Amino acid sequence: MDALISSANVVVDYTPQELMVAAAAREIADGELVFVGMRLPLLAFLLAKRTHAPSALGLFENGVIRDTAAPHGFMTMGDPVNLTYALKCTEMKEIMAYLQRGRVNLGFVGGAEIDRFGNLNTSMIRRPGEDGFVRLPGSGGGADIACLAQRLLIIMAHEKRRFKEKVSYITSPGYGDGGDWRTGAGLIRGGPKAVITTMGILRFDLETREAFLSSIHPGVTVEEVKANTGWDLKVSTEVSVTRAPAEAELAVIREYDPQGHWTGWRKP
Amino acid sequence: MDALISSANVVVDYTPQELMVAAAAREIADGELVFVGMRLPLLAFLLAKRTHAPSALGLFENGVIRDTAAPHGFMTMGDPVNLTYALKCTEMKEIMAYLQRGRVNLGFVGGAEIDRFGNLNTSMIRRPGEDGFVRLPGSGGGADIACLAQRLLIIMAHEKRRFKEKVSYITSPGYGDGGDWRTGAGLIRGGPKAVITTMGILRFDLETREAFLSSIHPGVTVEEVKANTGWDLKVSTEVSVTRAPAEAELAVIREYDPQGHWTGWRKP
Amino acid sequence: MSASKIMPLDLAIRQLTSDGMSLALGTALEGMIPFAAGHEIIRQGKKDLTLIGPISDILFDQLIGAGSVARVIAAWVGNVTSGAGYNFRRAVEQGQPRSIEVLDHSNYSLALALAAGAAGTEFGVTRSLFGSDISLNQDIFREMICPFTGERHLAVRARRPALTILHVQRCDSRGNAHFWGSSGVSLDAAAAADRVLLTTEEIVPTELIRSDPNRTFIPEFLVSAVALVPWGAHPSSVYGFYGHDDDYYIEYAQATKDRAAAQAWYREWVFGLPDRPAYLQHLDAARLDRLRLTHPALTIPVDFGY
Amino acid sequence: MSASKIMPLDLAIRQLTSDGMSLALGTALEGMIPFAAGHEIIRQGKKDLTLIGPISDILFDQLIGAGSVARVIAAWVGNVTSGAGYNFRRAVEQGQPRSIEVLDHSNYSLALALAAGAAGTEFGVTRSLFGSDISLNQDIFREMICPFTGERHLAVRARRPALTILHVQRCDSRGNAHFWGSSGVSLDAAAAADRVLLTTEEIVPTELIRSDPNRTFIPEFLVSAVALVPWGAHPSSVYGFYGHDDDYYIEYAQATKDRAAAQAWYREWVFGLPDRPAYLQHLDAARLDRLRLTHPALTIPVDFGY
Numbered sequence: 365m366d367a368l369i370s371s372a373n374v375v376v377d378y379t380p381q382e383l384m385v386a387a388a389a390r391e392i393a394d395g396e397l398v399f400v401g402m403r404l405p406l407l408a409f410l411l412a413k414r415t416h417a418p419s420a421l422g423l424f425e426n427g428v429i430r431d432t433a434a435p436h437g438f439m440t441m442g443d444p445v446n447l448t449y450a451l452k453c454t455e456m457k458e459i460m461a462y463l464q465r466g467r468v469n470l471g472f473v474g475g476a477e478i479d480r481f482g483n484l485n486t487s488m489i490r491r492p493g494e495d496g497f498v499r500l501p502g503s504g505g506g507a508d509i510a511c512l513a514q515r516l517l518i519i520m521a522h523e524k525r526r527f528k529e530k531v532s533y534i535t536s537p538g539y540g541d542g543g544d545w546r547t548g549a550g551l552i553r554g555g556p557k558a559v560i561t562t563m564g565i566l567r568f569d570l571e572t573r574e575a576f577l578s579s580i581h582p583g584v585t586v587e588e589v590k591a592n593t594g595w596d597l598k599v600s601t602e603v604s605v606t607r608a609p610a611e612a613e614l615a616v617i618r619e620y621d622p623q624g625h626w627t628g629w630r631k632p
Numbered sequence: 365m366d367a368l369i370s371s372a373n374v375v376v377d378y379t380p381q382e383l384m385v386a387a388a389a390r391e392i393a394d395g396e397l398v399f400v401g402m403r404l405p406l407l408a409f410l411l412a413k414r415t416h417a418p419s420a421l422g423l424f425e426n427g428v429i430r431d432t433a434a435p436h437g438f439m440t441m442g443d444p445v446n447l448t449y450a451l452k453c454t455e456m457k458e459i460m461a462y463l464q465r466g467r468v469n470l471g472f473v474g475g476a477e478i479d480r481f482g483n484l485n486t487s488m489i490r491r492p493g494e495d496g497f498v499r500l501p502g503s504g505g506g507a508d509i510a511c512l513a514q515r516l517l518i519i520m521a522h523e524k525r526r527f528k529e530k531v532s533y534i535t536s537p538g539y540g541d542g543g544d545w546r547t548g549a550g551l552i553r554g555g556p557k558a559v560i561t562t563m564g565i566l567r568f569d570l571e572t573r574e575a576f577l578s579s580i581h582p583g584v585t586v587e588e589v590k591a592n593t594g595w596d597l598k599v600s601t602e603v604s605v606t607r608a609p610a611e612a613e614l615a616v617i618r619e620y621d622p623q624g625h626w627t628g629w630r631k632p
Numbered sequence: 030m031s032a033s034k035i036m037p038l039d040l041a042i043r044q045l046t047s048d049g050m051s052l053a054l055g056t057a058l059e060g061m062i063p064f065a066a067g068h069e070i071i072r073q074g075k076k077d078l079t080l081i082g083p084i085s086d087i088l089f090d091q092l093i094g095a096g097s098v099a100r101v102i103a104a105w106v107g108n109v110t111s112g113a114g115y116n117f118r119r120a121v122e123q124g125q126p127r128s129i130e131v132l133d134h135s136n137y138s139l140a141l142a143l144a145a146g147a148a149g150t151e152f153g154v155t156r157s158l159f160g161s162d163i164s165l166n167q168d169i170f171r172e173m174i175c176p177f178t179g180e181r182h183l184a185v186r187a188r189r190p191a192l193t194i195l196h197v198q199r200c201d202s203r204g205n206a207h208f209w210g211s212s213g214v215s216l217d218a219a220a221a222a223d224r225v226l227l228t229t230e231e232i233v234p235t236e237l238i239r240s241d242p243n244r245t246f247i248p249e250f251l252v253s254a255v256a257l258v259p260w261g262a263h264p265s266s267v268y269g270f271y272g273h274d275d276d277y278y279i280e281y282a283q284a285t286k287d288r289a290a291a292q293a294w295y296r297e298w299v300f301g302l303p304d305r306p307a308y309l310q311h312l313d314a315a316r317l318d319r320l321r322l323t324h325p326a327l328t329i330p331v332d333f334g335y
Numbered sequence: 030m031s032a033s034k035i036m037p038l039d040l041a042i043r044q045l046t047s048d049g050m051s052l053a054l055g056t057a058l059e060g061m062i063p064f065a066a067g068h069e070i071i072r073q074g075k076k077d078l079t080l081i082g083p084i085s086d087i088l089f090d091q092l093i094g095a096g097s098v099a100r101v102i103a104a105w106v107g108n109v110t111s112g113a114g115y116n117f118r119r120a121v122e123q124g125q126p127r128s129i130e131v132l133d134h135s136n137y138s139l140a141l142a143l144a145a146g147a148a149g150t151e152f153g154v155t156r157s158l159f160g161s162d163i164s165l166n167q168d169i170f171r172e173m174i175c176p177f178t179g180e181r182h183l184a185v186r187a188r189r190p191a192l193t194i195l196h197v198q199r200c201d202s203r204g205n206a207h208f209w210g211s212s213g214v215s216l217d218a219a220a221a222a223d224r225v226l227l228t229t230e231e232i233v234p235t236e237l238i239r240s241d242p243n244r245t246f247i248p249e250f251l252v253s254a255v256a257l258v259p260w261g262a263h264p265s266s267v268y269g270f271y272g273h274d275d276d277y278y279i280e281y282a283q284a285t286k287d288r289a290a291a292q293a294w295y296r297e298w299v300f301g302l303p304d305r306p307a308y309l310q311h312l313d314a315a316r317l318d319r320l321r322l323t324h325p326a327l328t329i330p331v332d333f334g335y
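Residue numbers (this note's numbering), protein chains in the order written: chain A, 365 to 632; chain B, 365 to 632; chain C, 30 to 335; chain D, 30 to 335.
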């Protein structure tokens, strides 16, 4: 159906963000309950619904449950249009109770920093040898989703300063220092399923829980990914090339991001 | 305003239940939040609103908050008319949270048995020397109201078999075995303010927390009350006669109990 | 979109209930009680059920008298109109038709048990019930000290019913339900349960549900089956549809005062009637007419537009 | 009936706020944020406030940049449209204009802190945040073992704000408020608080509130004062009234990137404008028109009759 774009000299007619959205959408199965954020995760959810997962439901932490796309685009989940024809509007506590009860199949989180075990920092960056620190906005619902969703999908820009040997603060726990750390820490389920970056997709070894490079995006080399990762990134023996978004997928993404606010396919 | 009926040879033109309703209504202050049950407490609440406490609010444990009388009478709080033009309809948890947070000024409870410290049994009666037992319906919200309301008002038929030295099961705690038992038991506030019976009104000594006879209803003697009480009931040195319901009060009570279902002023 | 979950009530009960299971019913207190579903459970001869509910009305009494119940977890079991539940009393006092275990709660502690079940914690906390003999059951209640303030609290064991049955005013074929009025502990009972069966007065398009998302009470992902059962909550009330049949409650109390009479009641009202349409016919149309609402009070629309 | 609680916003802020108090704001998350009330707090020069909120939007950033805040108890502080809150960053990183203490929560743990406050317990319980460094703050979180199952839980310290300010669509003069849409943690924030101030788009007769009792969100007994403030939540949205002013958020981010520019922003948008009518005039009518809703989606009435 789609022409795979696998080397750098092919004209790239989609943006890295569009590829990330398409890859993220494929992680959603039909009928699933998805904790949806804004931006790329929202687009991924909407794309999945229009393709292989028509009966997936989206939860927003302000208290909205949707089974359809909003009738118009929006920039924050608290825009009135996100409530128009929603399936349910309620309070946050109810949404979070579904999450804690184990009913949420998949959640999305991003972060300013990530480490080799998928731990995320969205709170505070301290750099060794430097005096000050950078204060980030904080967890929001991220830590809850990382602790309690059945599966976690992380979406991040792949930059060496963000992919670190150790994060300076664990806001949203991944696999801690590996193995069965989550159980020992007191977590009852979950953990990152994949990290979808601007360069490739990382997955986690089922025993050690260390991230490894599972696929590279078309036009990216394994060496480039490793060079942009702050630790010695393991690479799958069967590393594949991420399937590029199909025309039909791109059409849906662009329908939901007509200005290119989030995917940059057009200058907003 | 009203002709006091204070001796037995005056024609009694009200029922004991109507007197109890009038007496209970006087315990409600304006602006208070009242945990309303059905039957006599509901009538007392409505009477208070029509007389001295127009801005009192009523809470029902199924989740209803009312600031006005329902537009028609009803037999259970789950009748649709109890929701018509209610101020708020919600879930029980919210109502009970207001109670536990200390926002409810007054609650009503009844019981099958009561003892000298105002402890109530609505669960199970075992009689000494007898083999079996009588199973009662249970607490409902009674125990919560008795534990958590600022003040508790008890309404009961005055019979020796109900007014016992010791109840066989404490469903709704009064003052335990007296003094500061409630604090010791872990209770954070409250306790019975009065027991309004078919014969008189009992109140509680502020130190010992033992019930004493505070007033007798018109036509009733102290001796009759003591004879119908299963312990040696203390009597106030200033025992008064309960003020009979005024004409205007009776008119309101009968408007809200037109069939006499609860007060028996007319055969239903 | 998702497949329809609509099925006949008898099939839903056959698929979703089994002997020995725990079942939450009557969670909106005096109204919205799923009597039709309860009668079908009796007809199908389910056994050893654990019933969970706050003030559990005569539907519990009926299930107990039918011998379907091994255990009741409740704050109140009786007849909201007349007082005592005679089948309940006979079971507890005399083991007739079988003995049952009763785990006594207060309304709030039962609400908290279901709220904890809904939120996926193993317990909830309260400051109620200190000094009440109810709190002496260590299987349900344990004292706990606040780690921040040292204040005494009571932990309440979480409850997760295997099945919660709710009667609602309207839902779509996927189980998205509008509910209005006072809801008691219904939402937590549904969210705590492993599975939910909705019986409903009406089945409506999803578009109608989406027209008022604050009215949506139960979202589809909690629901396993939907059964269309008009008048399915009689003799209790359904807000917006019909009133509480007080006479029926009083007649029921009379009819069940002794065991032999109670058996006649079951023959007349449960075993002698195959389903709810037959029940309604037996009840007779004039009686239903008397219960219909006659004074509408419609809500004023609000705008969910953009 | 009860006396009216309506008063001008400046008087309400004067009567209900004081230096050093704790204040919950922005509890519905991205929408319904009481910006007008927040600006009045800044104009009145309140100091040493503790702010409580889940994802607390730029209203927190504005109060912090004005030097009104000593402590923030929140899950997220920033700009929902553009990301960082620069006043917040300057306060935490450089102590500009003053240093502040931040007690980090997650959204759920903050919701539970307020829910416990609303229910009158000293703590709530969760299974979230294990393994997160957030849980290391022993002043807020303590590990707790379920007395029934032995499972590990986290106790969360209850929060009872001295004052919660909510913006609502409509309420009566006594403070009975209709609210529709998604509410975040607003109800628990109000029920937990010692006092509540409502700012509202409309004041309506109590009859309108009673016409839809399920839409009633805040009951009068929680409310100390009501201030009529149309557009009182701009630049955030009010469901049924106006949209989210994304441009304003982006402009705010630009205008507050450095401290000197931020001071100009305060002069222009807070100190230079005595009240919300002046703010709206400064914003200009055409901009407000662009935010008005153009696609109504009215709810379908239900019957609360008898």
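If you are wondering where the hints come from, they were derived from the structure by calculation, not from laboratory data.
Only a predicted model underlies this, so the values are computations on that prediction, with no experimental measurement involved.
Beta carbons: idealized from backbone N, C-alpha and C, even for Gly.
Honestly, I wouldn't trust all of these hints.
[What the hints assert, rightly or not] Ranges of calculated distance between the beta carbons of each label pair, as one might list FRET restraints:
hint: 1; chain 1: D; residue 1: ALA293; chain 2: A; residue 2: GLU494; range: 46 to 56 angstroms
hint: 2; chain 1: B; residue 1: ALA591; chain 2: C; residue 2: ASP318; range: 43 to 53 angstroms
hint: 3; chain 1: B; residue 1: VAL498; chain 2: C; residue 2: GLY74; range: 44 to 54 angstroms
hint: 4; chain 1: A; residue 1: VAL498; chain 2: D; residue 2: ILE279; range: 43 to 53 angstroms
hint: 5; chain 1: A; residue 1: ALA610; chain 2: C; residue 2: ILE232; range: 52 to 62 angstroms
hint: 6; chain 1: B; residue 1: PRO622; chain 2: C; residue 2: ASP318; range: 14 to 24 angstroms
hint: 7; chain 1: D; residue 1: ASP313; chain 2: B; residue 2: PRO435; range: 19 to 29 angstroms
hint: 8; chain 1: D; residue 1: GLY301; chain 2: A; residue 2: VAL605; range: 52 to 62 angstroms
hint: 9; chain 1: B; residue 1: GLN623; chain 2: D; residue 2: ARG100; range: 24 to 34 angstroms
[What the hints assert, rightly or not] Among chain C residues calculated to face chain B with C-beta under 10 angstroms, some are:
hint: 10; residue: ILE71
hint: 11; residue: ASP86
hint: 12; residue: THR110
hint: 13; residue: ASP162
hint: 14; residue: GLU172
hint: 15; residue: ARG181
hint: 16; residue: VAL267
hint: 17; residue: HIS273
hint: 18; residue: TYR278
hint: 19; residue: ALA282
hint: 20; residue: GLN310
hint: 21; residue: LEU312
hint: 22; residue: ASP313
Quiz item: Among the hints numbered above, which are violated by the structure, and what are their numbers in rising order?
Solution: 1, 3, 4, 5, 7, 9, 10, 19, 20, 21, 22
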